[in-house]
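Visitor: Note that the protein sequences, when read in sequence, are chains A and B. Position in the first sequence (from 1) plus 27 gives the number in our numbering. Position in the second sequence (from 1) plus 350 gives the number in our numbering.
Just so you know, the hints here were simulated from the structure itself, not pulled from any lab data. The reader is advised that the hints may include incorrect statements.
[Unchecked claim] With a straight-line cut-off of 30 angstroms between C-alpha atoms, the simulated DSS-like cross-links for lysine-lysine are:
1. B:Lys-379 <-> A:Lys-144
2. A:Lys-158 <-> B:Lys-473
3. B:Lys-420 <-> A:Lys-158
[As the list claims (entries may be wrong)] Some chain A residues near chain B, calculated using beta-carbon distances under 8 angstroms:
4. Gly-76
5. Leu-82
6. Ala-90
7. Gln-114
8. Val-115
9. Val-118
10. Thr-119
11. Gly-150
12. Arg-153
13. Arg-155
14. Leu-159
15. Arg-163
C-beta: ideal position from N, C-alpha, C; glycine also.
The residues making up each chain are set out below.
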Amino acid sequence: MTTQVGTIELTIDGKKVIGGHGDTVLEVARRHDIYIPTLCYHESLVPEGRCRLCLVEVDGFRAPTTACTTKITGGMEVKTDTPMLQQVRRVTAELLLADHPSDCLICAQNTVCDLQKVAAYLGLDRIRFRKLAEARPIDDSNPFFVRDPNKCVLCGRCVQTCWGLQGVGAIDFLARGHATEVGTFARQPIYESTCESCGECLVRCPTGAIARRDRRQAATTVKTTCPYCGTGCGMILGVRGGQIVWVDGDPDSPVNRGRLCVKGRFGQGFVNSADRLTAPLIKRDGKFEKASWDEALDLVASKFKQYQPHEIAVVGSSRATNEECYLVQKLARAVFGTNNVDNCARLCHAPTVSGLSKTFGTGGGTNPLSDIAGTGCLFVIGSNTTSAHPVAGVQVRDAAEHAKLIVADPRRIELTKHADLWLQHRPGTDVALLMGMARVILEEGLHDAEFIAARCEGFEEYRKAAEQFDLETVERITGVPKEKVIQAARMYATNGPAIIMYSLGITEHTHGTDNVTAIASLAMLTGNVGKPSAGVMPMRGQNNVQGACDMGCIPGAYQGYQPVTNPEARAKHEAHWGVRLPDQPGLYLVDYFPKILEGEIKALYIVGLDPAYSLSNVTLVQEALRQAEFVVFQDIFLTGSAEFAHVVLPAASYAEKWGTFTNLERRVQLIREAIPPVGDSRPDWWITAEIAKRMGATGFDYTHPSEIMDEIAELTPSFAGLSFARLEAGGIQWPCPAPDHPGTERLHVEKFNTPSGKGQLPALAYRPPAEEPDAEYPILLITGRSLYHFHLAMTVRVPGLMDLHPEEVVWIHPKDAEKLGLAEGDPVMVSSRRGALEVKAFVTEDMAPGQAFMTFHFYESPTNVLTQQAFDPVSKTPEYKVTAVRIEKVA
Amino acid sequence: MLAILEDFCAGKGTPEDLDLLVELAEAVKLGSLCGLGQTAPNPVLSTVRYFREEYDAHIVEKRCPAGVCKELIQYTILDGVCTGCGRCKRECPVQCIAGEPKATHVIDQAPCIKCGTCREVCKFDAVEVR
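The following block holds chain B by itself, in its conformation from the complex:
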């Protein structure tokens, strides 16, 4: 189950995988001897039941609406909101942000590790995650 969920988070999931996840979870519930096995799949099944659109977003659109799955998100600095203070550039652990003072900064997507530090430190909410 974890492996399938990890595939979804990585954008590698397919609609068949979602069916398989449900089938697997039901089988574990029905086939288990111990109480843990009989109940452990419940959280997974609940998420499928109540947050189906989240799954679809991950599987079909390959995006993470909550902005959590690193493989599926991108941080960008909004032109016009950024004041060019340079704070994100200083804090970035992989130095992938460039920009002159007082000019809009830009994130180089290739080296970015999607740690979210830039978004956290920005005082002007100029970093967007999508």
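Looking at chain A on its own, in the form it has when it is part of the complex:
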């Protein structure tokens, strides 16, 4: 439906107004500042005309009609305020108020309540009806909000939000007539229901029937960007007295359009947690002691001066801002003199960078999230989108209403409920599955020959490689019946424009780069690249993991992927930074720790990473951290890893500084200082610059992160057009080569970014995972993220999230549970060749037999003692997703 604004003229209350085609009377009235009372209308929902308060009289209509559902027509004469209308509205409002509690002054919704507004508009001075409703019990089972059915006016906004907008369906209308109420299945407490605690219902509730537990109002509000996943939702922080008191989605953000998930809306409590580091710590005699900034920074600077460049390794943070990541690599390269700088993308989406660079020429997602809505087919593989990227997941659920949805995942994830087709392949067999689909597409002639001829290279080799994947072999390897492979191939190839979304289920393998390459090839084969709603979308895991790579926290390239081996790029940076720069790529993050054990690396500067718990095979990592001569951690909490530090530098959180994050669409977005740094913590950019300055370096005299962005723009062609002044108006997607360039919504529209300008179709072969289940370790363990948590240190400090997901469990299939004699909740020992830990069993048919699942969010049960020391040969990403384990009942 296209809205043509300003084409229809009508009269409302004698005033000539103009509306667009398809507008409703209510929309036009609101735009012209004419108030029509309503309780059920909300701009984000489909009007249902439920509350009957927006009745208007229209000339020529037999009876009053609801303004929210009546489309405007030319010459329409509308009256919103007649004695008859007021009488009908008055009766309706009085009936609602008769049953409504009158504790307005202590209600969470006081002053912002729509029912109050309606009552005031109607000028009600008394309620002529008597209360008929009986008191209903309040549901306060959810840690973040309270449901008070006594205050409910049955407008249905929450029900429509939960079903239509969020696709969750945890609440609905129960019973009929005067007994009608909004409730959960079987009237269980909302905590027990399928509710995901996103809070979208409470945002829309017109009264206090669904209200935040913390009712404090803010003194001021600040727009910023969510610090959790890579979706990069715009947020508004309600702030007072140095504290965040509430969070709302930013309706102006093109990413989330006002929506948030449970972590975004309710998970910001970590900022004001009592556990925040508030002063630098120096370890003396095995114990941390508080120190002054001067003392700590001088110690750090003098220590790092003592080491040779190759003895130092640096980790930038994918949680920190672009400006901070840029400074960290600048410090490493220009001051420490080493290219040993990396970030945690090495542990997640490094195969995306290597795989997509190889095929498309640029290691970033090709399309904006808004393209999901227009797609004809969504193929989601290795991404539990609704848990790991909840707001993007909502958009997938939305799209599944009209588009085909194919989900390939070993687990029965939430999205499979919305899918047209679910391929339950064995973990680590993605290449076989994707190439099997490619073979079907080629055999049936469903490929886009024109696109391939014009835009791609290597087709013949690719075709030959695909021939190796006959469907019997594919079925044997993947466990997916060949009929389903054929069905998936046809569905994807014939329902364009099509998008493939993937995440760590694809990358965290010893063949992660191959997986990404296979995905990119499938997209090129069907011509689904470089067009609206057709492309490849890697779902980046952390708020700024895209940015940390973009900013050069990778061993082989400066910011903007300018290779350190390229003499021109090096010369440019040497000239600007005023130093000689190393010309060989540095070591990968995962290699730091073995190299420490070998004595080659001696000192570490680690910003915002928890390697002792988040790398694979952490026993080795912890041993290395113990052996390292000098370790500096810079973080907002004393993380599990920071315990190994010699110096800990307290950083300010995202809410306490300015900067930019880059989301999974390559959209660079501002974060703004909302509160002063907690305690004596300082922004990361300040700390990094101070270390550099105290080591005698020049070029680190910044007074504000915007100056760092200006320097980035100067040195980086793809960021040349960015500045804080421009970003104030909203995020911009790189490449943005000039100050008047609008940014690049979609990549590869005209040509690919490879040297030849053509997409590369590589010949792929199947390689099995590094470790497969055997007699000794018969179960295959997959790891992944929970909806309610985000890695380690942050969400475990939000009590409500801990209520919703308090501890680690191992998910196993009932058949395996029976074999092992296990019941739900039984303590079990999970062990691999590298380590063991005790957790409780969670028995569920969402798993395939022979497979188990664990998250990695708890220090008490560090899942990564189990995972492997095996890496993708190209990107060096560990194979987190396949571990052979044994599960035994603990007596």
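Given the coordinates of chain A, work out where chain B should sit on it, guided by the hints.
Guide: Okay, now just chain B, sitting in the frame of chain A:
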């Protein structure tokens, strides 16, 4: 609407309540989306239109001309008509009728539940409802 009507039947109605009933019924008719809502108030409005004096009797005089609303009626045994047969006394479910044989019986109004059994069983139409 039902609550207001029940008030009338119980003799608790006021003239304002009658206006409110009409206003409510009209509002439901005009404001409803479904056909049931648009028509359900009609019987109520019809009774107000055609049997207004019944309403007035209930509201102003606190009596039920049809002898139906229990709160507003009283059963009495007419002296001279009653033969003292004792049938009503035997049938009364709450034993609130007293009287010697062949003498006029009397209903004790306090315990009477206004079930009308006495009136139904009386062969001489000696029980009056007012």
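Visitor: Each hint: holds or not?
Guide: Hints versus structure:
1. With a CA separation close to 25 angstroms, the supplied pair B:Lys-379 and A:Lys-144 stays within the 30 angstroms bound.
2. Only pairs whose Cα atoms come within 30 angstroms are accepted, and A:Lys-158 paired with B:Lys-473 is rejected, the gap being roughly 46 angstroms.
3. Restraint check: the Cα-Cα separation between B:Lys-420 and A:Lys-158 comes to about 24 angstroms, which is no more than 30 angstroms; the hinted pair holds.
4. At its closest, the beta carbon of A:Gly-76 sits 6 angstroms from a beta carbon of chain B; the interface hint therefore holds under the 8 angstroms criterion.
5. Checking A:Leu-82 against chain B by beta carbon gives a least distance of about 6 angstroms; that is within 8 angstroms, so the hint holds.
6. Taken as an interface hint, A:Ala-90 checks out: its beta carbon lies about 6 angstroms from the nearest beta carbon of chain B, inside 8 angstroms.
7. Here the hint on A:Gln-114 is kept, as its CB sits about 6 angstroms from the closest CB of chain B, short of 8 angstroms.
8. A cut of 8 angstroms between beta carbons decides the hint on A:Val-115: the least distance to chain B is about 4 angstroms, and the hint holds.
9. Because the smallest distance between the Cβ of A:Val-118 and any Cβ of chain B comes to about 4 angstroms, under 8 angstroms, the interface hint for this residue holds.
10. Here the hint on A:Thr-119 is kept, as its CB sits about 6 angstroms from the closest CB of chain B, short of 8 angstroms.
11. For A:Gly-150, the interface hint is violated, since its Cβ never comes within 8 angstroms of a Cβ in chain B; the closest pair sits about 16 angstroms apart.
12. At its closest, the beta carbon of A:Arg-153 sits 11 angstroms from a beta carbon of chain B; the interface hint therefore is violated under the 8 angstroms criterion.
13. A least Cβ separation of about 5 angstroms between A:Arg-155 and chain B falls short of the 8 angstroms threshold, and the interface hint therefore holds.
14. Among the interface hints, the one on A:Leu-159 holds; its C-beta lies about 6 angstroms from the nearest C-beta in chain B, closer than the 8 angstroms criterion.
15. For A:Arg-163, the interface hint is violated, since its Cβ never comes within 8 angstroms of a Cβ in chain B; the closest pair sits about 19 angstroms apart.
Consistency with the previously given hints fails for numbers 2, 11, 12 and 15, ordered from lowest to highest.
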